[in-house]
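Residue numbers (the working numbering), protein chains in the order written: chain A, 1 to 111; chain B, 1 to 115.
Check the hints yourself; a few may be wrong.
Claimed, not checked - Derived DSBU-like pairs (lysine-lysine); straight-line CA-CA distance at most 30 Å:
id, chain 1, residue 1, chain 2, residue 2
1, B, Lys3, B, Lys18
2, A, Lys42, B, Lys13
3, B, Lys3, A, Lys56
4, B, Lys13, B, Lys71
5, A, Lys42, B, Lys3
6, B, Lys55, B, Lys71
7, B, Lys53, B, Lys18
8, B, Lys55, A, Lys56
9, B, Lys55, B, Lys13
10, A, Lys98, B, Lys55
11, B, Lys57, B, Lys71
12, B, Lys13, A, Lys68
13, A, Lys71, B, Lys13
14, B, Lys13, B, Lys70
15, B, Lys55, B, Lys3
16, A, Lys42, B, Lys53
17, B, Lys71, A, Lys42
18, B, Lys70, A, Lys71
19, B, Lys70, B, Lys3
20, B, Lys70, A, Lys56
21, B, Lys18, A, Lys71
22, B, Lys18, A, Lys98
23, B, Lys18, B, Lys70
24, A, Lys98, A, Lys71
25, B, Lys71, B, Lys18
26, B, Lys3, B, Lys57
27, A, Lys71, A, Lys56
28, B, Lys13, B, Lys3
29, A, Lys68, B, Lys70
30, A, Lys42, A, Lys98
31, B, Lys53, B, Lys71
32, B, Lys55, B, Lys70
33, B, Lys57, B, Lys70
34, B, Lys53, A, Lys71
35, B, Lys55, A, Lys42
36, A, Lys68, A, Lys98
37, B, Lys13, B, Lys53
38, B, Lys3, A, Lys98
Derived from the structure by calculation, the hints contain no laboratory data.
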Amino acid sequence: GESVGLHLPTLSVQEGDNSIINCAYSNSASDYFIWYKQESGKGPQFIIDIRSNMDKRQGQRVTVLLNKTVKHLSLQIAATQPGDSAVYFCAENMNDYKLSFGAGTTVTVRA
Amino acid sequence: DVKVTQSSRYLVKRTGEKVFLECVQDMDHENMFWYRQDPGLGLRLIYFSYDVKMKEKGDIPEGYSVSREKKERFSLILESASTNQTSMYLCASSLETLYSNQPQHFGDGTRLSIL
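Extracted from the complex, chain A is given alone in its bound form (with noise of 0.2 Å):
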């Protein structure tokens, strides 16, 4: 069936540097997308979402990119901070209630 997976399963960013978490979706159809974010011990924290009208919608630090032609998502980081270090994960919605949840990318934050 398909799915919702992640480029890298672990990226390691300095602090203050950029970070880029990359999502590669397969199904078409999906019209609305999620990043979580997931600390060690806590439930998924929402982050941000793109409906599948837009291309960028941004956030607090935060830039979400969808590219539909190449079926591609990413979330794009500012200024890493040490409160950064968590599961980042991608999820996607065909309308209906159901989420599918890509594997996770762990970002690790270099002090």
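Got chain A; can you put chain B on it based on the hints?
Only chain B this time, still in chain A's reference frame:
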């Protein structure tokens, strides 16, 4: 802020026991979900509910049941716990809207061990 509260952070039960995991949300959300999260397998949907007393099977419902008697509360039941149900269980809720999707908001999980 949305608050999804799971009654236990850690739970240890024995094989064959009936186990109840409770979840409460305070944002009047129509939709509620139960997932399990396992290393290498990601989040998998067990059951969801889009209204009181309504439930739908997710991707892995076998060995589980659910109850939604009140809008704010969604319970996951392991009818006869087995060791392969040792996992992190996550509850989520979302608002129901007619024309657009809304994000799911998660609790902090219950780490369940079946001995």
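Status of the hints after comparison with the structure:
1. Our distance criterion of 30 Å between C-alpha atoms is met by B/Lys3 and B/Lys18, whose separation comes to about 27 Å.
2. Restraint check for A/Lys42 and B/Lys13: satisfied, since their Cα atoms lie roughly 21 Å apart, inside the 30 Å limit.
3. Annotation: proposed proximity of B/Lys3 to A/Lys56 holds, straight-line Cα distance about 28 Å (limit 30 Å).
4. With a C-alpha separation of about 28 Å, the suggested pair B/Lys13 and B/Lys71 falls inside the 30 Å cut-off, and the hint holds.
5. Proposed proximity of A/Lys42 and B/Lys3 is supported: the alpha carbons are some 13 Å apart, at most 30 Å.
6. Between B/Lys55 and B/Lys71, the direct Cα distance comes to roughly 12 Å. Compliance with the 30 Å bound is thereby established for this hinted pair.
7. Taken as a hint, the B/Lys53 and B/Lys18 pair is honoured in the structure, with Cα atoms around 21 Å apart against an allowance of 30 Å.
8. With a C-alpha separation of about 35 Å, the suggested pairing of B/Lys55 with A/Lys56 is violated against the 30 Å cut-off.
9. The straight-line distance between the Cα atoms of B/Lys55 and B/Lys13 is roughly 25 Å, inside the 30 Å bound, and the hint therefore holds.
10. Straight-line distance between C-alpha atoms of A/Lys98 and B/Lys55 comes to about 13 Å, which keeps the hinted pair within the 30 Å bound.
11. Between the alpha carbons of B/Lys57 and B/Lys71 the distance comes to roughly 18 Å, so the proposed pair stays at or under 30 Å and holds.
12. Only pairs whose Cα atoms come within 30 Å are accepted, and B/Lys13 paired with A/Lys68 is rejected, the gap being roughly 46 Å.
13. This hinted pair does not check out: A/Lys71 and B/Lys13 have alpha carbons roughly 43 Å apart, beyond 30 Å.
14. Our distance criterion of 30 Å between C-alpha atoms is met by B/Lys13 and B/Lys70, whose separation comes to about 26 Å.
15. For the hint linking B/Lys55 to B/Lys3, the alpha-carbon distance of about 21 Å falls within 30 Å, and the restraint holds.
16. The straight-line distance between the Cα atoms of A/Lys42 and B/Lys53 is roughly 28 Å, inside the 30 Å bound, and the hint therefore holds.
17. With a C-alpha separation of about 24 Å, the suggested pair B/Lys71 and A/Lys42 falls inside the 30 Å cut-off, and the hint holds.
18. Using a Cα cut-off of 30 Å, the hinted pair B/Lys70 and A/Lys71 is violated, with the two alpha carbons roughly 39 Å apart.
19. For the proposed pair B/Lys70 and B/Lys3, the alpha carbon gap of about 16 Å is at most 30 Å, so the pair holds.
20. With a CA separation close to 38 Å, the supplied pair B/Lys70 and A/Lys56 exceeds the 30 Å bound.
21. Taken as a hint, the B/Lys18 and A/Lys71 pair is broken in the structure, with Cα atoms around 43 Å apart against an allowance of 30 Å.
22. Between B/Lys18 and A/Lys98 the alpha-carbon distance is near 27 Å, which keeps this suggested pair within the 30 Å criterion.
23. For the suggested pair B/Lys18 and B/Lys70, the alpha carbons sit about 21 Å apart, so the restraint of at most 30 Å is met.
24. Of the pairs offered as hints, the one joining A/Lys98 and A/Lys71 holds, with about 19 Å between alpha carbons and a cut-off of 30 Å not exceeded.
25. Restraint check: the Cα-Cα separation between B/Lys71 and B/Lys18 comes to about 23 Å, which is no more than 30 Å; the hinted pair holds.
26. A distance of roughly 24 Å separates the Cα atoms of B/Lys3 and B/Lys57; the hinted pair therefore holds under the 30 Å criterion.
27. Only pairs whose Cα atoms come within 30 Å are accepted, and A/Lys71 paired with A/Lys56 is accepted, the gap being roughly 14 Å.
28. A hinted pair counts as satisfied when its Cα atoms are at most 30 Å apart, and B/Lys13 with B/Lys3 qualifies at roughly 27 Å.
29. At roughly 40 Å between alpha-carbon atoms, A/Lys68 and B/Lys70 are farther apart than 30 Å, so this suggested pair is violated.
30. About 21 Å separates the Cα atoms of A/Lys42 and A/Lys98, which keeps this hinted pair within 30 Å; it holds.
31. Between B/Lys53 and B/Lys71, the direct Cα distance comes to roughly 9 Å. Compliance with the 30 Å bound is thereby established for this hinted pair.
32. For the suggested pair B/Lys55 and B/Lys70, the alpha carbons sit about 13 Å apart, so the restraint of at most 30 Å is met.
33. A threshold of 30 Å between alpha carbons decides the hint, and for B/Lys57 with B/Lys70 the separation of about 19 Å falls inside it, so the pair holds.
34. The suggested pairing of B/Lys53 with A/Lys71 is violated, with an alpha-carbon distance near 37 Å, which exceeds 30 Å.
35. Between the alpha carbons of B/Lys55 and A/Lys42 the distance comes to roughly 26 Å, so the proposed pair stays at or under 30 Å and holds.
36. The suggested pairing of A/Lys68 with A/Lys98 holds, with an alpha-carbon distance near 20 Å, which does not exceed 30 Å.
37. Between B/Lys13 and B/Lys53 the CA atoms are separated by roughly 27 Å; this keeps the pair inside 30 Å, and the hint holds.
38. Only pairs whose Cα atoms come within 30 Å are accepted, and B/Lys3 paired with A/Lys98 is accepted, the gap being roughly 20 Å.
The structure is inconsistent with the numbered hints 8, 12, 13, 18, 20, 21, 29 and 34, although it conforms to all the rest.
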